[in-house]
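Peer 1: Residues per chain, in single letters:
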Amino acid sequence: MLKHLYDTDCVTWSPQGKLFQVEYAMEAVKQGSICLGLKSNENVVLCSLKRQPSELAGYQEKQFKIDDHMAIAIAGLTADARVLCKYMRTECLEYKYTYESHHPVGRLVFKVAEKSQHKTQSGAKRPYGVGLLVAGIDPNGVHLFETCPSGNYYEYKCQAIGSRSQAARTYFESWFHLFEKSTLEQLILHGLSAIKKAIMEDEELNEKNVEVGILGKNLKFTHLNAQELRDYITKLEQFSPNSQIQQE
Amino acid sequence: MIFNSEISGEQQHTTSPVVTGGSVIALVYNGGVIVGTDTLCSYGSMAAFKNVKKIAQISKNTIYASSGEFSDFQQVVKELAKIDRSALQYDDGVHPSPKDYGNFLARLSYKKRCKINPLYLQNVIAGFHNGERYLSLVDIYGTYLESNFITTGFASYFCKAIISNYWNENCTLDQAKQVIRECFKVLFCRDCRAHDVIQLAYVDAQGAHIEEPERVETKWDFNGFKSRANEKLHTQ
Chain L
0 MLKHLYDTDC
10 VTWSPQGKLF
20 QVEYAMEAVK
30 QGSICLGLKS
40 NENVVLCSLK
50 RQPSELAGYQ
60 EKQFKIDDHM
70 AIAIAGLTAD
80 ARVLCKYMRT
90 ECLEYKYTYE
100 SHHPVGRLVF
110 KVAEKSQHKT
120 QSGAKRPYGV
130 GLLVAGIDPN
140 GVHLFETCPS
150 GNYYEYKCQA
160 IGSRSQAART
170 YFESWFHLFE
180 KSTLEQLILH
190 GLSAIKKAIM
200 EDEELNEKNV
210 EVGILGKNLK
220 FTHLNAQELR
230 DYITKLEQFS
240 PNSQIQQE
Chain D
0 MIFNSEISGE
10 QQHTTSPVVT
20 GGSVIALVYN
30 GGVIVGTDTL
40 CSYGSMAAFK
50 NVKKIAQISK
60 NTIYASSGEF
70 SDFQQVVKEL
80 AKIDRSALQY
90 DDGVHPSPKD
100 YGNFLARLSY
110 KKRCKINPLY
120 LQNVIAGFHN
130 GERYLSLVDI
140 YGTYLESNFI
150 TTGFASYFCK
160 AIISNYWNEN
170 CTLDQAKQVI
180 RECFKVLFCR
190 DCRAHDVIQL
200 AYVDAQGAHI
210 EEPERVETKW
220 DFNGFKSRAN
230 EKLHTQ
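Residue numbers (numbering that gives the first Met the number 0), protein chains in the order written: chain L, 0 to 247; chain D, 0 to 235.
There's no promise every hint is true.
Said to hold, decoys possible - Per label pair, the in silico range of CB-to-CB distance:
1. D/Glu131 <-> L/Lys2: 55 to 61 Å
2. L/Leu218 <-> D/Asp91: 18 to 24 Å
3. D/Gln88 <-> L/Tyr96: 19 to 25 Å
4. L/Glu202 <-> D/Cys113: 55 to 61 Å
To be verified - Okay, derived cross-link-like pairs now, PhoX-like style, lysine-lysine, Cα gap no bigger than 20 Å in a straight line:
5. D/Lys98 <-> L/Lys95
6. D/Lys176 <-> D/Lys52
7. L/Lys124 <-> L/Lys17
8. D/Lys184 <-> D/Lys159
9. L/Lys95 <-> D/Lys110
10. L/Lys110 <-> D/Lys81
11. L/Lys64 <-> L/Lys216
12. L/Lys95 <-> D/Lys81
13. L/Lys64 <-> L/Lys219
14. L/Lys64 <-> L/Lys95
15. D/Lys184 <-> D/Lys218
16. D/Lys81 <-> D/Lys59
As the list claims (entries may be wrong) - Computed list of chain D residues with no C-beta within reach of chain L, every gap over 10 Å:
17. Gly30
18. Gln56
19. Ser155
20. Phe157
21. Glu168
22. Glu213
Just so you know, these hints were derived from the structure itself, not from any lab.
Quick reminder that beta carbons are idealized off the backbone N, C-alpha and C, glycines included.
Model the full assembly from the supplied sequences, consistent with the hints where possible.
Peer 2: Rendered as structure tokens:
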């Protein structure tokens, strides 16, 4: 398709109506390690798999608190994610300073999307190479959004992005009808089950390479600590979504 | 609010108000919040504009009134309405709560005070949100205070006794209205810049209701006025 003729910069369309630079940026998101989010009526849970560059290194954090009522999980270029994270934190802080209340979630995602779109329509700029899963609670309810390098954003009941995320999405497609009424514990176990589908055969989940963040209507954003992660990973052995149906 | 005159350095500072509005009295009652003002704008000691509506509806469940420089009141109404309208551009149906407006006004007032160019106002924001009553005062310095009753201007001196004796936070709407009418009666008698036509507005679970202006009952047919007390002395 002679892509190379039309993919040099963001300001060139292809004859098929594609912006190749933006599509390439979306590829960067797919290269990042998996992160997923799922929500019930009361809570949102973010789960991610952390990568370790080498045995000597620590694990790369994938979830960042934006404000008490909002957090993000990232997949893609961590440096670009840091820029967006800083922007979101600043916006939340300024909103709180002016209005003494929490920044509405959808509105902040809209602002991030606007910022991202701007980078796709300029000759000298490149799109952000990171996709965010934004979890938040506001007067409109419980939210989970995904943002893309293209500047699009979508609201989800549950979503997974990053490498091998299709396996997690397949798990979600089978079980998402249970999430709305799930308890926080069930939600976490669903999230970990989904992540388990996406890991390689020789890998296993442990408290070092998994990150779980939780948010609720009366629960400020927190990470599960190492002990809690261990407990949940143990509970995972006995957990099956079928048992949740029988309870209901 | 940034004006070109500020940027070019020609800004003058408000040192005293020109056209002023009188006291505002606001009370919380069992179903919401009620605000009362008179309908006079004074030009110094002249009662220049006697039919002024000084209570503004900012959003579906928030009302705003203030005493002090009336042009500042009009500008603040525009600024607060701007915030409500900007909610439309985000398509998310999230509108600021009364408390958001109160805090915004506090920040705005404080900013202007720091530049020694204040909004010459004592502001009262009243609202009803998520089943809770909201009433706050933002003064000329940007001080922000939430309370069950607010008085500004001369009402702070004359009316607090009436309010403490006849009002409590769980009274009915009619009781609260009577207390406010009584307060304005006293103010008309004692405050030289007060007027006997007042306006009441209240916010409850159904939203904001701004009533038509009404005249307070006053009594002038005292014998002492009818036959002037001094007359006898002069004729002797």
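Peer 1: Hint by hint, note whether the structure agrees.
Peer 2: Each hint, compared with the structure:
Restraint check, D/Glu131 to L/Lys2: a C-beta distance of roughly 59 Å satisfies the suggested window 55 to 61 Å. The supplied range of 18 to 24 Å is met by L/Leu218 and D/Asp91, whose beta-carbon atoms lie about 23 Å from each other. Between D/Gln88 and L/Tyr96 the C-beta distance comes to about 21 Å, which sits within the given range of 19 to 25 Å. For the hinted restraint 55 to 61 Å between L/Glu202 and D/Cys113, the CB-CB distance of approximately 57 Å keeps it satisfied.
Distance check on the hinted pair: D/Lys98 and L/Lys95 sit about 12 Å apart at the alpha-carbon level, within 20 Å; holds. For the hint pairing D/Lys176 with D/Lys52, the CA-to-CA distance comes to about 18 Å; that is within 20 Å, so the pair holds. Proximity of L/Lys124 to L/Lys17 is assessed by CA-CA distance (about 17 Å); at most 20 Å being required, the pair is judged to hold. Proximity of D/Lys184 to D/Lys159 is assessed by CA-CA distance (about 14 Å); at most 20 Å being required, the pair is judged to hold.
Only pairs whose Cα atoms come within 20 Å are accepted, and L/Lys95 paired with D/Lys110 is accepted, the gap being roughly 16 Å. Only pairs whose Cα atoms come within 20 Å are accepted, and L/Lys110 paired with D/Lys81 is accepted, the gap being roughly 19 Å. Between L/Lys64 and L/Lys216, the direct Cα distance comes to roughly 16 Å. Compliance with the 20 Å bound is thereby established for this hinted pair. Taking the CA atoms of L/Lys95 and D/Lys81, the gap is about 18 Å. The hint holds against a cut of 20 Å.
Restraint check for L/Lys64 and L/Lys219: satisfied, since their Cα atoms lie roughly 10 Å apart, inside the 20 Å limit. A hinted pair counts as satisfied when its Cα atoms are at most 20 Å apart, and L/Lys64 with L/Lys95 qualifies at roughly 15 Å. Taking the CA atoms of D/Lys184 and D/Lys218, the gap is about 10 Å. The hint holds against a cut of 20 Å. Among the hinted pairs, D/Lys81 with D/Lys59 is consistent with the structure: their alpha-carbon atoms are about 14 Å apart, no more than 20 Å.
Every CB of chain L lies more than 10 Å from the CB of D/Gly30, the least distance being 22 Å, so the non-interface label holds. For D/Gln56, the requirement that its beta carbon stay farther than 10 Å from each beta carbon of chain L is met, with the minimum near 19 Å. In this structure D/Ser155 is separated from chain L by more than 10 Å, as the shortest Cβ-Cβ distance comes to about 25 Å. With a least beta-carbon separation of about 32 Å from chain L, D/Phe157 lies farther than 10 Å from that chain, consistent with its non-interface assignment.
Distance to chain L confirms D/Glu168 as a non-interface residue, since its nearest Cβ pair spans about 23 Å, more than 10 Å. No beta-carbon of chain L is positioned within 10 Å of the beta-carbon of D/Glu213; the least distance is around 35 Å.
Of the numbered hints listed earlier, not one is contradicted by the structure.
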